Amino acid sequence: NAGVTQTPKFQVLKTGQSMTLQCAQDMNHEYMSWYRQDPGMGLRLIHYSVGAGITDQGEVPNGYNVSRSTTEDFPLRLLSAAPSQTSVYFCASSPPGTREQYFGPGTRLTVT
Amino acid sequence: GENVEQHPSTLSVQEGDSAVIKCTYSDSASNYFPWYKQELGKGPQLIIDIRSNVGEKKDQRIAVTLNKTAKHFSLHITETQPEDSAVYFCAASTASYDKVIFGPGTSLSVIP
Chain Z
1 NAGVTQTPKF
11 QVLKTGQSMT
21 LQCAQDMNHE
31 YMSWYRQDPG
41 MGLRLIHYSV
51 GAGITDQGEV
61 PNGYNVSRST
71 TEDFPLRLLS
81 AAPSQTSVYF
91 CASSPPGTRE
101 QYFGPGTRLT
111 VT
Chain H
113 GENVEQHPST
123 LSVQEGDSAV
133 IKCTYSDSAS
143 NYFPWYKQEL
153 GKGPQLIIDI
163 RSNVGEKKDQ
173 RIAVTLNKTA
183 KHFSLHITET
193 QPEDSAVYFC
203 AASTASYDKV
213 IFGPGTSLSV
223 IP
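So the sequence lines, in the order shown, correspond to chains Z and H. Using the numbering used here, you'd call the opening residue of the first sequence number 1 and step up by one each time. Using the numbering used here, you'd call the opening residue of the second sequence number 113 and step up by one each time.
Warning: the hint list may mix true and false statements.
Partial chain Z-side listing against chain H, Cβ under 7 Å, derived [what the hints assert, rightly or not]:
#: 1; residue: 10
#: 2; residue: 41
#: 3; residue: 42
#: 4; residue: 43
#: 5; residue: 45
#: 6; residue: 61
#: 7; residue: 96
#: 8; residue: 99
#: 9; residue: 100
#: 10; residue: 103
#: 11; residue: 105
#: 12; residue: 106
In case anyone wonders, no lab produced these hints; they're calculated from the structure. Small disclaimer: the values here were computed from a predicted structure and weren't measured. Don't be surprised by glycine CBs; every beta carbon is placed ideally from N, CA and C.
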C-alpha cells in the first residue's frame, strides 16, 4: 500500500490564482480530512469527509472547497489564492471505527 | 473557542534521559487524546493515543497519562535516543469529527 499520497510537494501561486491539491489513499478508509500547519499553531482542520459524497467544514474552511466523488480521492481547491493561505497542507485518513489518523507527506504552498 | 495548550515549546535532553511533554485541553467533551511525532519534512505519525476511560497507557519507552478532572494529559518518553528528536503534537477530540484540536507542538532534541 502506498498509504496517503499528496501532490504536488511544493507549489508557488500568485494572489488570485486557483489550484487543486490532490490527496489519495489506497487503504479503503472512509474518513479523510485536510489540515493546514502554520508555525506555532499546530494543525488546524479545514474540511473533512466521512465517506464518498459527504463533506463538511472544519475549523478554518473559508477560501477552500472540497469534494469526495470516490472513497480514494479527496482534493482540496483554492478558489482565489491569498497570501494568508501560505502554509503546509496535510491530508489524512482514518480506518473505519477508529480515530487514528494517517497523514500524507504534505504540500508546501506559497502565495505571493 | 476550544483550545489545547502544550508545554514546553522546546525541550533538550541528554541521550538516555527522560522527556515529558504536557498538554491541557478546554473542551470537557473531549474523549480521545492522540500524540503525533513529526520528523523534518514529513507528515505527523501517530505514536500513542488514550481514551477518556483510561488513565494511563504504555507502549515500550512511550507512555501517556490522562487526568480528566484537571483536563491534563502528558507524554513520557524514557531512555531517549537521538532518533526521538522531532516535533511532537498532542491533540484532543470529541466524538464529533469536526472537533479535533491540536496543540502547537514541542520540538524535542536528544543530544548524543
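Checklist line | Structure versus earlier hints - violations, ascending order | finding: Numbers 1, 6 and 7 - these are the hints that the structure violates, sorted from lowest upward.
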